[in-house]
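**Q** So you can see what is in the structure, the chains are spelled out below.
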Amino acid sequence: MKILIVFLAILILNISFLTYQGDLGRYLRLQNTVKAIAEECGAGAALFFDSSQFAEGYLIARPEEGQKHIAYILAHSQPVAALSEQGSLNCQVIYFDDSLQSRTYLNGLLQRVSPFTFPFYYTDEQNRGILVAEPSVIVTITLVTEDLFRLPYLETTEVTRSAMYELRSENH
Amino acid sequence: MKQFIVLMAVLPLMLVFIMQYAFEQHNSSSINKLQNCIYTAKEQAKQDGYFTEETIGKLKTEVARNFGISESEVLFEGTTVPKYRVNQFDERELIYYKIGVPIEKLMAGGKLFGIEAEDNRMLYIIENYTASERLSD
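Protein chains in written order, with this note's numbering: chain A, 3 to 174; chain B, 4 to 140.
No lab work stands behind these hints, which were simulated from the structure alone. Small disclaimer: the values here were computed from a predicted structure and weren't measured. All C-beta atoms, glycine included, are put in the ideal place defined by N, C-alpha and C. Certain hints may be false.
Going by beta-carbon spacing under 8 Å, a handful of chain B positions derived as facing chain A [unchecked claim]: (1) VAL9; (2) VAL13; (3) PHE20; (4) GLN23; (5) GLU27; (6) HIS29; (7) TYR87; (8) ASN90; (9) PHE92; (10) ARG95; (11) GLU130; (12) ASN131; (13) TYR132; (14) ALA134.
Listing some non-contacts, in silico: residues in chain B with all C-beta distances to chain A over 10 Å [to be verified]: (15) PHE7; (16) ASP51; (17) GLU56; (18) ASN69; (19) GLU76; (20) GLU80; (21) PRO85; (22) GLN91; (23) ILE106; (24) LYS108; (25) GLU121; (26) ASP122.
For reference, chain A alone in the conformation it holds in the complex:
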């Protein structure tokens, strides 16, 4: 009987560890994927700027075009698109440019316009900060889905990753 109990204990321990290892790997891969998508969204959105203003030496973003790019990338990114169907996907994009008005978009809708000056120390809702010294696009993707860990005493339902794409401007 003692041997059976020890065997069952080792078996449960092994299964728990294996489950944890598999889920952790999946969670880390998902984080990497979300990070790559955030980078792609930021890099793509930063490509669209006002060419007439650029001729004057100013980098003024065109968020309406950038948002189309981001929406397309999010819609075609696996497994994020698949996972977001089970939960929700929030994409916050902030444009800092030579208009000196930061524009914050959430899921494609303009949320806030705030004045700022370069260099500007940006902090997000979780108090994570970064110095914005050049025209930039900051993309934060938050994916809320079902519990990513199958073990009962672990619960992670959210993956958040940010990326910042910076453009060099002669004005700074």
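Got chain A; can you put chain B on it based on the hints?
**A** Below, chain B without anything else, positioned relative to chain A:
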């Protein structure tokens, strides 16, 4: 003697766990390397405007080396004609890529549990679009 027989019966089951840890680590590490290889190739493709023969060749060589497979087993589908940077969003000017690699032996002790080799493998695919940074000539 009884305990020895029990040990002999239980040992293969316990060994499966140890092998499975190793498989998980190996597969996870390989997938991380795959992501890095794709990231490098994608950045090059952004500059060139498409996946050149050289970029595809390097990508396949790196992936094949990391996974211990031949280059012909690496699946690649993607944009092989130049795309250009535009000032208005146009999905036709995006660079597409889809890279897949076969991962053998997902589960240790497949034969022991009656899992067919066909069911014990998968094709890991990374697929996305990226914006071209190539300016028109």
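**Q** So which hints don't hold here, by number, going up?
**A** Hints 6, 7, 10, 22 are the ones this structure does not satisfy, whereas the remaining hints hold.
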